[in-house]
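Peer 1: One letter stands for each residue in the lines below.
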Amino acid sequence: MLHYATGVLIVVFGAVHLATHSFLGVEGYAGSLQYLSVIGRYRTALFAFTLEALLVTIAYHGLNGTRMILLEFRQGERWNMAVNWLLVAVGILVVAYGTRTVLGAYLWG
Amino acid sequence: MVEKITLKILRSIPSKGVKPTVEKYSVPVFKGMTVLDSLLYVKGHLDHSVSFRYSCRMGNCGSCSMVVNGSPRLTCQTQISELGTKEVEVRPLENFPVIRDLVSDYDEFYDKHREVKPYLIRRDKTEEEHPTSEYLQSREELDKYIQFALCIKCGQCFHACPITSTDIRYLGPQALSQAYRYLTDSRDQDNHERIEAVNTRNGCWGCHLAESCSEACPKGVDPSLGIQLLRRMVLGSGHKKRQKG
Amino acid sequence: MSKRKRGSTEPEMRSARKGVRRWLYYHPQGLGRTAFLFHRVTGLGLTAYFVVHVLSVGTILSGEDAWEMFLEIVETPVGWYGELLLLAAIGFHFANGVRLILGEFGLTLDKPTRPDYPFKTGSFNLAQKSLLVLAFVVAALFVLLGYLFIFLEL
Ligand code: SF4
Ligand code: FES
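Chains as they are written, first to last, in our numbering: chain A, 1 to 109; chain B, 1001 to 1245; chain C, 2001 to 2154.
Possibly wrong hints are sitting among the right ones.
To be verified - In silico SDA-like cross-links for lysine to any residue, where the CA-CA straight-line distance does not exceed 20 Å:
no.	chain 1	residue 1	chain 2	residue 2
1	B	K1016	B	D1105
2	C	K2018	C	L2037
3	B	K1019	C	S2015
4	C	K2111	B	K1016
5	B	K1016	C	S2015
6	B	K1144	B	G1220
7	C	K2018	B	E1141
Just so you know, the hints here were simulated from the structure itself, not pulled from any lab data.
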């Protein structure tokens, strides 16, 4: 069920993400990727919040999807545990690293 | 001159280590000949060791399911003329272990069918064993599940399902749509056991809507529809004990 | 005569399964199954992209020079076309996902009927089919918008 819920949330946050990406930096595509422009965006609370939300929801949705596919490949308790823990570990690492970027840029960027 | 086709049969005996090989037979065709008829011709005139399964010859039992020219078919309901090819290739169904030649092993399939308790469950267990009267049902109540009750357990949806082809625990389209068939039956009571049986990752939540089962079904059962409706029902039940009239 | 056993054993069941090959090749390969395959492939691809994206964007913390170096790798024609591909995947996965959510809760589907030959599949009716076609259209639209934005700087 969370899979469907995060799916819907990603659509919402993803739209905001793309929109802020395109419209907050009014300098066009190339300009929007300039260092200052990007850092400037990270400073906006809306952008930072969306990023963090996207990070968590995509991590869950993507890794859970991967998990579903992997669990279909082989059946058995050991395989299930291995897949589950591996993906939880990957998820935690990615979210932690991403949070470091978001918070770092938001607070001290 | 009689028209002839080449019948290619994929033959094997796994228990004796005989590897799958294609054997070709030349079969004369008559008007209205089915693929099953051509197999019977081979067995009668050319090679009596060819094994296949059939019983009713009228699309009612499902035992003659095979893969004809790549698609799952009831061979007794498939005329050679409708295939429109000079070569007809017959293989056993996939996702089933092969016993011999075109005969596949349905044990797993039936076990999964059994797992969803495909019978009327009554609150009163003595009543369930020894019904005291007929259970009446209106036409509307019948209409709710009649489509799924037409299933003949032919196994073609099981052959088609992409989830089944990797996951050996997944219950499969047939069992799940049958769960729905009994859950919507107005004569069925106390069905939380059945909901419990399908409310798992290998049950109704394992389906990913590839629609292959509904395409394959020769009886118009639409198992995929049954599974999606089953999900809604399981969700709505809150996985609690449900009471029904 | 050996006694007939009941139930297939796990190795037997496993040996009968052809696995992922049958996602790629199946006859008749219907529209729904193609969508299923696309949804999985784009999903896996997007997840992989997401991980790489999160890790690489982290360079922004190491100051302007590191970021410029990162941009030099990404901001190439290959990177731009990759981005278009990414947009296509996002567009499809998004629109098809909406279709799946609706369908998997039994919405937009037909009611069970008494089937008559030729059978109609109520679970893959006009609504579901058009939603699926729409998914491809959305994917194309995303690519178009991305093209306008990236290459023409609109
Ligand atoms: S649902 Fe259709 S395809 Fe599946 S076993 Fe029943 S009759 Fe055969
Ligand atoms: S022999 Fe019974 S369905 Fe074909």
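Peer 1: Which numbered hints does this structure break?
Peer 2: 4, 7
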